[in-house]
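Visitor: So the chains spell out like this:
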Amino acid sequence: MLLKFAEVAGGHNFRKDKADRYRHRYYRKGKYVADKVGRLACVGCGRCISACVSNIANPVEVFNTLLEDKQ
Amino acid sequence: MSSRSCNTKHKDIYLPEMATVVKAESMTEMEYFLELKMDSGNDLGHMPGQFAEISIPGIGEAPISVSSSPTQRGSFEMVVRKVGNVSNAIHGLKPDDKVGVRGPYGTNFPVEDAMKGKDILFVCGGIGLVPVRSVINYVLDNRKDYGNVTILVGTKSPSERLFLDDINKWKSRDDITFIETVDRKDETWTGNIGVITTLFPKISINPANTVTIICGPPIMYKFVILELEKLGMADENVYVSLERRMKCGVGKCGHCQINGLYTCVDGPVFRFADVAEVREAI
Ligand SMILES: Cc1cc2nc3c(=O)[nH]c(=O)nc-3n(C[C@H](O)[C@H](O)[C@H](O)COP(=O)(O)OP(=O)(O)OC[C@H]3O[C@@H](n4cnc5c(N)ncnc54)[C@H](O)[C@@H]3O)c2cc1C
Ligand code: SF4
Ligand code: FES
Chain A
1 MLLKFAEVAG GHNFRKDKAD RYRHRYYRKG KYVADKVGRL ACVGCGRCIS
51 ACVSNIANPV EVFNTLLEDK Q
Chain B
1 MSSRSCNTKH KDIYLPEMAT VVKAESMTEM EYFLELKMDS GNDLGHMPGQ
51 FAEISIPGIG EAPISVSSSP TQRGSFEMVV RKVGNVSNAI HGLKPDDKVG
101 VRGPYGTNFP VEDAMKGKDI LFVCGGIGLV PVRSVINYVL DNRKDYGNVT
151 ILVGTKSPSE RLFLDDINKW KSRDDITFIE TVDRKDETWT GNIGVITTLF
201 PKISINPANT VTIICGPPIM YKFVILELEK LGMADENVYV SLERRMKCGV
251 GKCGHCQING LYTCVDGPVF RFADVAEVRE AI
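Chains as they are written, first to last, in this note's numbering: chain A, 1 to 71; chain B, 1 to 282.
Warning: the hint list may mix true and false statements.
SDA-like cross-link-like pairs, simulated, lysine to any residue; straight-line CA separation at most 20 Å [stated by the list, open to error]:
(1) B:Lys247 / A:Asn58
(2) B:Lys82 / A:Gln71
(3) A:Lys16 / B:Lys222
(4) A:Lys36 / B:Ala89
(5) B:Lys82 / A:Ala41
(6) B:Lys247 / A:Phe5
(7) B:Lys247 / B:Ala89
(8) A:Lys29 / B:Gly147
(9) A:Lys36 / B:Lys222
(10) B:Lys222 / A:Asn13
(11) A:Lys4 / B:Arg279
(12) B:Lys37 / B:Gly100
(13) B:Lys252 / B:Ala89
(14) B:Lys82 / A:Glu7
(15) B:Lys252 / B:Thr107
(16) A:Lys18 / B:Lys252
(17) A:Lys36 / B:Lys37
(18) B:Lys247 / A:Arg28
(19) B:Lys247 / A:Met1
(20) B:Lys247 / A:Val8
(21) B:Lys247 / A:Ala57
(22) A:Lys36 / B:Val278
(23) B:Lys247 / A:Ile56
(24) B:Lys169 / B:Pro201
(25) A:Lys29 / B:Cys253
Which stretches of chain B does chain A cover? Using the computed rule of at least three CB atoms under 8 Å from a CB of chain A, they are [to be verified]:
(26) 67-74
(27) 112-121
(28) 252-264
Note that these hints are calculated values from the structure, not bench results.
These figures come from a predicted structure and were not determined experimentally.
Even glycine gets a Cβ: it sits at the ideal position worked out from N, Cα and C.
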């Protein structure tokens, strides 16, 4: 969750806090695009999961759990 | 022809059209002025407030606002602040050089609908004058379609002021009110000193009949909106132009999201009432 992702030219950062970036990551993959096109934006490829050593951000697990809970 | 064939006749949205630099010059230490002409011979076809993706082959692409009014035919103008890869390369451009152009993209200020017949208040901070200049000149070129026009411009220091030729023209017109301020003065400056909100006591507007346009650094919006609330302006009559980090410019990648809003297609011009309550927007 890169600090510079939401930084603009003047140096202002719209998501300075880690919590905001974490929230955005899930909403981005799981809500905003889903609302727009009707499907999740995570294909479950696992690239981000293997890059995240501490396994705190596993979208496959999170989305699957949420979907199973809903069923 | 079936209705489906309309959709299949698609243009590659990532393919830039080429444009040629007509004029290129430094405006300030950080800002570079460009006049561009599409190689197709067509106008860019933008409305005030829209932007285009400008590309330099081998370097990259950047979203840049169109600063000229569409009433100017044959060419269009942009101003670029030097901040990184693409913007540095743009600063090296000379007349006859080529750039790629994708666009125009995004929403525009409602010059042909909500603003028509209304008094207009412009509030521009720093580089925010770049896109708003397009609206100001559009309104002035169609002066009779609008009521009272008030323009407030704030700049950090006199050496960073942009569009001095336009400002001199605006100052000399007696059918508009133009007031300018700088945060910090230097020995050349004899005008107002203070942030842009210090200009509000100097103006008189009729909030019920006014449309306000705001563009400036993120921090400016909060304070200007407080002043507008004091005056009794409704959020429905306030339009803001917001900047977000962009990539595709066409609503695909999501980089520019403000929650579920896509700045590149739902914006960059938003009605304040539509974003006032959106987290991370203002
Ligand atoms: C709708 C819109 C209109 C804009 N209009 C203008 C304009 O008229 N004139 C102007 O000078 N600039 C404008 N910008 C900002 C401009 O797009 C960025 O300065 C430019 O993309 C930086 O690219 P770079 O390759 O030079 O910088 P990079 O080397 O990529 O990065 C340098 C820094 O620039 C910022 N940045 C990078 N990409 C963007 C981006 N896409 N959007 C915002 N900030 C970014 C980041 O803070 C980054 O750290 C506008 C941006 C948007 C979204
Ligand atoms: S698993 Fe990670 S990298 Fe792969 S699509 Fe989902 S969010 Fe993207
Ligand atoms: S910049 Fe890609 S969706 Fe807005």
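Visitor: Next step is simple, just say for each hint if it's right about the structure.
Guide: Hint-by-hint comparison with the structure:
{"no.": "1", "hint": "B:Lys247 / A:Asn58", "verdict": "25 Å, violated"}
{"no.": "2", "hint": "B:Lys82 / A:Gln71", "verdict": "52 Å, violated"}
{"no.": "3", "hint": "A:Lys16 / B:Lys222", "verdict": "18 Å, holds"}
{"no.": "4", "hint": "A:Lys36 / B:Ala89", "verdict": "36 Å, violated"}
{"no.": "5", "hint": "B:Lys82 / A:Ala41", "verdict": "34 Å, violated"}
{"no.": "6", "hint": "B:Lys247 / A:Phe5", "verdict": "11 Å, holds"}
{"no.": "7", "hint": "B:Lys247 / B:Ala89", "verdict": "18 Å, holds"}
{"no.": "8", "hint": "A:Lys29 / B:Gly147", "verdict": "46 Å, violated"}
{"no.": "9", "hint": "A:Lys36 / B:Lys222", "verdict": "29 Å, violated"}
{"no.": "10", "hint": "B:Lys222 / A:Asn13", "verdict": "16 Å, holds"}
{"no.": "11", "hint": "A:Lys4 / B:Arg279", "verdict": "19 Å, holds"}
{"no.": "12", "hint": "B:Lys37 / B:Gly100", "verdict": "11 Å, holds"}
{"no.": "13", "hint": "B:Lys252 / B:Ala89", "verdict": "26 Å, violated"}
{"no.": "14", "hint": "B:Lys82 / A:Glu7", "verdict": "16 Å, holds"}
{"no.": "15", "hint": "B:Lys252 / B:Thr107", "verdict": "16 Å, holds"}
{"no.": "16", "hint": "A:Lys18 / B:Lys252", "verdict": "25 Å, violated"}
{"no.": "17", "hint": "A:Lys36 / B:Lys37", "verdict": "36 Å, violated"}
{"no.": "18", "hint": "B:Lys247 / A:Arg28", "verdict": "15 Å, holds"}
{"no.": "19", "hint": "B:Lys247 / A:Met1", "verdict": "17 Å, holds"}
{"no.": "20", "hint": "B:Lys247 / A:Val8", "verdict": "12 Å, holds"}
{"no.": "21", "hint": "B:Lys247 / A:Ala57", "verdict": "24 Å, violated"}
{"no.": "22", "hint": "A:Lys36 / B:Val278", "verdict": "17 Å, holds"}
{"no.": "23", "hint": "B:Lys247 / A:Ile56", "verdict": "27 Å, violated"}
{"no.": "24", "hint": "B:Lys169 / B:Pro201", "verdict": "24 Å, violated"}
{"no.": "25", "hint": "A:Lys29 / B:Cys253", "verdict": "11 Å, holds"}
{"no.": "26", "hint": "67-74", "verdict": "violated (count 0)"}
{"no.": "27", "hint": "112-121", "verdict": "violated (count 0)"}
{"no.": "28", "hint": "252-264", "verdict": "holds (count 6)"}
Taken one by one, the earlier hints fail for this structure at numbers 1, 2, 4, 5, 8, 9, 13, 16, 17, 21, 23, 24, 26, 27, listed in ascending order.
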